[in-house]
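Using the sequences and the accompanying hints, generate a full structural model.
Top line first, the protein sequences correspond to chains A and B. In terms of my numbering, the first sequence opens at residue 626 and continues consecutively. In terms of my numbering, the second sequence opens at residue 50 and continues consecutively.
Simulated from the structure, these hints should not be mistaken for laboratory data. Some clues are possibly wrong.
Claimed, not checked - With a cut-off of at most 27 Å between alpha-carbon atoms, the simulated DSSO-like pairs for lysine-lysine come out as follows:
{"#": "1", "chain 1": "B", "residue 1": "Lys132", "chain 2": "A", "residue 2": "Lys692"}
{"#": "2", "chain 1": "A", "residue 1": "Lys681", "chain 2": "B", "residue 2": "Lys91"}
{"#": "3", "chain 1": "A", "residue 1": "Lys692", "chain 2": "B", "residue 2": "Lys127"}
{"#": "4", "chain 1": "A", "residue 1": "Lys627", "chain 2": "B", "residue 2": "Lys91"}
{"#": "5", "chain 1": "A", "residue 1": "Lys627", "chain 2": "A", "residue 2": "Lys681"}
{"#": "6", "chain 1": "A", "residue 1": "Lys627", "chain 2": "A", "residue 2": "Lys692"}
{"#": "7", "chain 1": "B", "residue 1": "Lys106", "chain 2": "B", "residue 2": "Lys127"}
{"#": "8", "chain 1": "A", "residue 1": "Lys667", "chain 2": "A", "residue 2": "Lys717"}
{"#": "9", "chain 1": "A", "residue 1": "Lys681", "chain 2": "B", "residue 2": "Lys132"}
{"#": "10", "chain 1": "A", "residue 1": "Lys667", "chain 2": "B", "residue 2": "Lys91"}
{"#": "11", "chain 1": "B", "residue 1": "Lys106", "chain 2": "B", "residue 2": "Lys132"}
{"#": "12", "chain 1": "B", "residue 1": "Lys127", "chain 2": "B", "residue 2": "Lys91"}
{"#": "13", "chain 1": "B", "residue 1": "Lys91", "chain 2": "A", "residue 2": "Lys717"}
{"#": "14", "chain 1": "B", "residue 1": "Lys106", "chain 2": "A", "residue 2": "Lys667"}
{"#": "15", "chain 1": "B", "residue 1": "Lys132", "chain 2": "A", "residue 2": "Lys667"}
{"#": "16", "chain 1": "A", "residue 1": "Lys717", "chain 2": "A", "residue 2": "Lys627"}
{"#": "17", "chain 1": "B", "residue 1": "Lys106", "chain 2": "A", "residue 2": "Lys627"}
{"#": "18", "chain 1": "A", "residue 1": "Lys692", "chain 2": "A", "residue 2": "Lys717"}
{"#": "19", "chain 1": "A", "residue 1": "Lys627", "chain 2": "A", "residue 2": "Lys667"}
{"#": "20", "chain 1": "A", "residue 1": "Lys717", "chain 2": "B", "residue 2": "Lys127"}
{"#": "21", "chain 1": "B", "residue 1": "Lys91", "chain 2": "B", "residue 2": "Lys132"}
{"#": "22", "chain 1": "A", "residue 1": "Lys692", "chain 2": "A", "residue 2": "Lys681"}
{"#": "23", "chain 1": "A", "residue 1": "Lys692", "chain 2": "A", "residue 2": "Lys667"}
Unchecked claim - Which residues of chain A face chain B? A few of them, derived with a C-beta cut under 10 Å, are:
{"#": "24", "residue": "Phe659"}
{"#": "25", "residue": "Gln663"}
{"#": "26", "residue": "Lys667"}
{"#": "27", "residue": "Glu670"}
{"#": "28", "residue": "Lys681"}
{"#": "29", "residue": "Leu713"}
Stated by the list, open to error - Take a look, some chain B residues computed to stay more than 12 Å from chain A by CB distance:
{"#": "30", "residue": "Val61"}
{"#": "31", "residue": "Gln63"}
{"#": "32", "residue": "Met64"}
{"#": "33", "residue": "Gln90"}
{"#": "34", "residue": "Phe94"}
{"#": "35", "residue": "Lys106"}
{"#": "36", "residue": "Gln113"}
{"#": "37", "residue": "Ser115"}
{"#": "38", "residue": "Pro119"}
{"#": "39", "residue": "Asn123"}
{"#": "40", "residue": "Thr125"}
The C-beta atom is built at its ideal place from N, Cα and C for all residues, glycine as well.
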Amino acid sequence: QKEVEQNSGPLSVPEGAIASLNCTYSDRGSQSFFWYRQYSGKSPELIMFIYSNGDKEDGRFTAQLNKASQYVSLLIRDSQPSDSATYLCAVKGNTDKLIFGTGTRLQVFP
Amino acid sequence: EPEVTQTPSHQVTQMGQEVILRCVPISNHLYFYWYRQILGQKVEFLVSFYNNEISEKSEIFDDQFSVERPDGSNFTLKIRSTKLEDSAMYFCASARAGVNIQYFGAGTRLSVL
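Shown next, in the form of structure tokens:
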């Protein structure tokens with residue numbers, strides 16, 4: 626069974642801090658990695674994607690991928706209360722389907 | 050910005066009834082998906098669809114489920130005889146050729162009574 630694991634949280638950080646969200650996956654053949662943000666009662670919204678080992682930065686967001694250790698992380702710099710949501714890690718193997726983790730709930734307090 | 054649209058936003062049905070959930074994918078996308086999310090649980094893959102046929106389906110996608118692209122714009126999910134455990138949010142997603150980035154619609158909340 627191919628699994629994607631995330632700490633459910635909540636992860637609480639003060640406004641302006643760096644939030645660090647982590648994800649591990651079981652399938653070594655996984656090829657693409659995605660972070661989606663999901664507000665309560667809403668649909669997943671794509672934040673970042675990464676295919677290669679290393680870091681990828683987009684504004685306040687940085688995705689990090691380490692295929693040898695089978696983990697992917699998301700850093701959110703200068704966290705804002707509007708970043709409070711559940712962050713879903715999703716992994717794609719050699720087929721099109723996305724396998725999601727349960728998500729980490731992030732709370733940014735003023 | 051183009052988006053995936055889903056209708057209805059909320060569907061209430063009696064157990065045993067048939068429901069059809071509708072999706073209009075982003076116009077230049079060729080790959081279509083259905084996922085579901087039971088309240089408090091993870092998003093789960095149901096089915097992927099490309100070139101007018103199912104390319105992959107999960108164990109959840111049994112004979113009660115079917116998908117169709119009846120015309121050039123709509124993509125539907127039919128549940129023939131709904132069960133209580135089918136109550137969930139159903140998300141449609143689409144992706145364009147060559148770039149497997151899936152964009153999700155707002156979802157349809159299905160409540161089976």
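Do the hints match the structure? See the list:
Proximity of B/Lys132 to A/Lys692 is assessed by CA-CA distance (about 40 Å); at most 27 Å being required, the pair is judged violated. Simply put, A/Lys681 and B/Lys91 have alpha-carbon atoms about 25 Å apart, close enough for the 27 Å limit, and the pair holds. Distance check on the hinted pair: A/Lys692 and B/Lys127 sit about 38 Å apart at the alpha-carbon level, beyond 27 Å; violated. Distance hint between A/Lys627 and B/Lys91 is fulfilled; the C-alpha atoms sit about 14 Å from each other, no more than 27 Å.
Of the supplied pair hints, the one linking A/Lys627 and A/Lys681 holds, its CA atoms being roughly 25 Å apart against a limit of 27 Å. A distance of roughly 15 Å separates the Cα atoms of A/Lys627 and A/Lys692; the hinted pair therefore holds under the 27 Å criterion. As the CA atoms of B/Lys106 and B/Lys127 are separated by approximately 14 Å, the hinted pair is consistent with the 27 Å bound. For the proposed pair A/Lys667 and A/Lys717, the alpha carbon gap of about 22 Å is at most 27 Å, so the pair holds.
The straight-line distance between the Cα atoms of A/Lys681 and B/Lys132 is roughly 43 Å, outside the 27 Å bound, and the hint therefore fails. With a CA separation close to 13 Å, the supplied pair A/Lys667 and B/Lys91 stays within the 27 Å bound. About 19 Å separates the Cα atoms of B/Lys106 and B/Lys132, which keeps this hinted pair within 27 Å; it holds. Between B/Lys127 and B/Lys91 the CA atoms are separated by roughly 21 Å; this keeps the pair inside 27 Å, and the hint holds.
Our distance criterion of 27 Å between C-alpha atoms is met by B/Lys91 and A/Lys717, whose separation comes to about 15 Å. Pair hint B/Lys106 plus A/Lys667 holds up; C-alpha atoms about 24 Å apart against a cutoff of 27 Å. Distance restraint check for B/Lys132 and A/Lys667: the Cα-Cα separation of roughly 23 Å lies within the 27 Å cut-off, and the hinted pair is therefore satisfied. Pair hint A/Lys717 plus A/Lys627 holds up; C-alpha atoms about 10 Å apart against a cutoff of 27 Å.
At roughly 15 Å between alpha-carbon atoms, B/Lys106 and A/Lys627 fall within 27 Å of each other, so this suggested pair holds. Taken as a hint, the A/Lys692 and A/Lys717 pair is honoured in the structure, with Cα atoms around 13 Å apart against an allowance of 27 Å. Of the pairs offered as hints, the one joining A/Lys627 and A/Lys667 holds, with about 25 Å between alpha carbons and a cut-off of 27 Å not exceeded. Under the criterion of a C-alpha separation no larger than 27 Å, the hint pairing A/Lys717 with B/Lys127 is consistent with the structure, at around 25 Å.
Proximity of B/Lys91 to B/Lys132 is assessed by CA-CA distance (about 19 Å); at most 27 Å being required, the pair is judged to hold. For the suggested pair A/Lys692 and A/Lys681, the alpha carbons sit about 14 Å apart, so the restraint of at most 27 Å is met. For a cut-off of 27 Å, the pair hint linking A/Lys692 to A/Lys667 is broken: about 30 Å separates their Cα positions. With its C-beta approaching chain B no nearer than about 8 Å, A/Phe659 sits inside the 10 Å limit, and its interface hint holds.
A least Cβ separation of about 8 Å between A/Gln663 and chain B falls short of the 10 Å threshold, and the interface hint therefore holds. Look at A/Lys667: its Cβ gets to within about 7 Å of chain B, closer than 10 Å, so that hint holds up. Among the interface hints, the one on A/Glu670 holds; its C-beta lies about 7 Å from the nearest C-beta in chain B, closer than the 10 Å criterion. Using the Cβ-Cβ criterion of 10 Å, the hint placing A/Lys681 at the interface with chain B is not satisfied: the shortest such distance is roughly 13 Å.
Hint status for A/Leu713: holds, given a least beta-carbon distance of 7 Å to chain B, under 10 Å. Residue-level check passed: B/Val61 sits 16 Å from the nearest beta carbon of chain A, beyond 12 Å. Against the 12 Å criterion, B/Gln63 stays outside the reach of chain A, whose nearest CB is about 24 Å from its own CB. No Cβ of chain A approaches the Cβ of B/Met64 within 12 Å, the least distance being about 24 Å, so the stated non-interface status holds.
With a cut of 12 Å on Cβ distances, B/Gln90 falls inside the contact zone with chain A, its closest approach being about 7 Å. The Cβ of B/Phe94 does not lie farther than 12 Å from every Cβ of chain A; its closest approach is about 4 Å, which violates its non-interface assignment. Taking the minimum C-beta to C-beta distance to chain A, about 9 Å, the non-interface status of B/Lys106 is violated against the 12 Å cut. For B/Gln113, the shortest C-beta to C-beta distance to chain A comes to about 19 Å, beyond the 12 Å cut-off, and the non-interface label holds.
Chain A leaves B/Ser115 outside its interface by the beta-carbon criterion, the shortest separation being 18 Å against a cut-off of 12 Å. With 12 Å as the threshold on Cβ separation, the claim that B/Pro119 sits away from chain A holds: the shortest Cβ distance comes to roughly 22 Å. Taking the minimum C-beta to C-beta distance to chain A, about 18 Å, the non-interface status of B/Asn123 holds against the 12 Å cut. Residue-level check passed: B/Thr125 sits 18 Å from the nearest beta carbon of chain A, beyond 12 Å.
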